[in-house]
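Colleague: For reference, the chains in residue letters:
2 protein chains.
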Amino acid sequence: MKRFALTVEFDGTPFFGLQRQAHGPSIQQSIETAAKKVTGENVTLHSAGRTDSGVHAFAMRCHLDLEKDIAPFRLMEALNARLRPDPIAIIGCEHKPNDWHARFSCIGRSYEYRIRNRRAPLTLEKGRAWHIAKPLDHAAMHDAAQSLVGRHDFTTFRSAHCQANDPVKTLDRLDVSREVDAVIIRAAARSFLHHQVRSMVGTLALVGQGQWRVDKVAHALEARNRAALGLNAPPEGLYFVAARYEDESEENII
Amino acid sequence: MKRFALTVEFDGTPFFGLQRQAHGPSIQQSIETAAKKVTGENVTLHSAGRTDSGVHAFAMRCHLDLEKDIAPFRLMEALNARLRPDPIAIIGCEHKPNDWHARFSCIGRSYEYRIRNRRAPLTLEKGRAWHIAKPLDHAAMHDAAQSLVGRHDFTTFRSAHCQANDPVKTLDRLDVSREVDAVIIRAAARSFLHHQVRSMVGTLALVGQGQWRVDKVAHALEARNRAALGLNAPPEGLYFVAARYEDESEENII
Chain A
1 MKRFALTVEF DGTPFFGLQR QAHGPSIQQS IETAAKKVTG ENVTLHSAGR
51 TDSGVHAFAM RCHLDLEKDI APFRLMEALN ARLRPDPIAI IGCEHKPNDW
101 HARFSCIGRS YEYRIRNRRA PLTLEKGRAW HIAKPLDHAA MHDAAQSLVG
151 RHDFTTFRSA HCQANDPVKT LDRLDVSREV DAVIIRAAAR SFLHHQVRSM
201 VGTLALVGQG QWRVDKVAHA LEARNRAALG LNAPPEGLYF VAARYEDESE
251 ENII
Chain B
1 MKRFALTVEF DGTPFFGLQR QAHGPSIQQS IETAAKKVTG ENVTLHSAGR
51 TDSGVHAFAM RCHLDLEKDI APFRLMEALN ARLRPDPIAI IGCEHKPNDW
101 HARFSCIGRS YEYRIRNRRA PLTLEKGRAW HIAKPLDHAA MHDAAQSLVG
151 RHDFTTFRSA HCQANDPVKT LDRLDVSREV DAVIIRAAAR SFLHHQVRSM
201 VGTLALVGQG QWRVDKVAHA LEARNRAALG LNAPPEGLYF VAARYEDESE
251 ENII
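Keeping their order, the protein sequence lines are chains A and B. With the working numbering as the guide, the letters of the first sequence map in order to residues 1 to 254. With the working numbering as the guide, the letters of the second sequence map in order to residues 1 to 254.
If you're looking for bench data, these hints aren't it; they were derived computationally from the structure. It cannot be assumed that every hint is accurate.
Intra- or inter-copy, both count: the list cannot distinguish identical chains.
Taking lysine to any residue pairs in the SDA-like style, the calculated list, with each CA pair at most 20 Å apart, reads [to be verified]: (1) K134 to A78; (2) K96 to I184; (3) K2 to W212; (4) K169 to R224.
Can you build the whole structure from these sequences, using the hints too?
Modeller: Here you go:
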């Protein structure tokens, strides 16, 4: 049995999320079905993150095990051929030791959240960004974000359906910057709670619009109560950017 | 009568091009229809460029004349409301003198052409870039591009349907650069012939794949013959980026 690590790009729009769901299409189901067509084997896909319906990925990391002896490049090509027309692309594929695990070996995850901040509706970025018409003070958002960086109990910024045992996480980075009318939020941590990035972004957007004072974000964090949450940002602006592993150099990160 | 300059972003995918067509939807028709709904007036839209079917724009410049007394911001909002669900957004609107013409006053146009250069099919950029699986030597493409910069007879790089009287144009800039697996071509000139950017990009792609030697591009140019053309690049990778006018500072350019 050989373990293969996959790097996966996808447009999350038509899916009910990465993880297999009884009630609708998922990225996991598409890749497992493609692998079955290629090898005849029933495989289980494991991934670094479990993205929600509508969330995108530039480079999700996954793994699967195969009995079939196939070169990684050939597996990548064969999977891509069978994945059509689903908007899922295997952009990397390599052998890994059998104790390497896409989820449990992952030591860092990063996300990007895109907001387009302008009056006019979106065209080219429709379904790819959160459209906010009211002007955002991105500097205030960045200031507020810094109160979330570090080791905290993130109960306030966690979905009611979050399955993590421990709400304490260490947020390494939460940066807000502006490029013309795009406001970009970059988040990095060893791991995140369910809905954590979207919850943080939604709350920062209230700060950006002047509805929340900067220091209210710290108070919401301290409340350790979902009811103190400002707003959950919509999924279409969120991108899984990269996963880090101890056996890989930083340069591997796209 | 008041003249209004519009800055327009659009996803060209569902349109038969910017210019009004008898046989299908156009950006011009959508905006003229929206303007009629707002003001009751029959207007004609003039634009800096006439993009083909499938070509996109970040900031096309257009103008129209109205009898109705309406503030530019209100006109922009009203047009955007009436343009839904078409993927066209008016992202800027301002008064201009009656001798200001979106097409004839324009002294500079710039385009960007996006290629994604990788084996895997496109997901998030499907319909937004040209997918080339074979590795491209972007440095060779850039070298070859420099032979097209300057004042030349661009007959080779011109559509058979081009209506310009004179095939001589001055190309100010044709830069090829790579950002990971994206190869970006940036072109700037006072004006372009019909299909000129796509013809130049298609030919450079042959150089990038090693099918053409770098110096063959200069020979194709000298041939002044459409038959010497390498290839016309597909429309979905092309974006109209900006138009320059003498009465506007460079900072106005998005």
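Colleague: Give me the numbers of the hints this structure contradicts, sorted from smallest to largest.
Modeller: 2, 3
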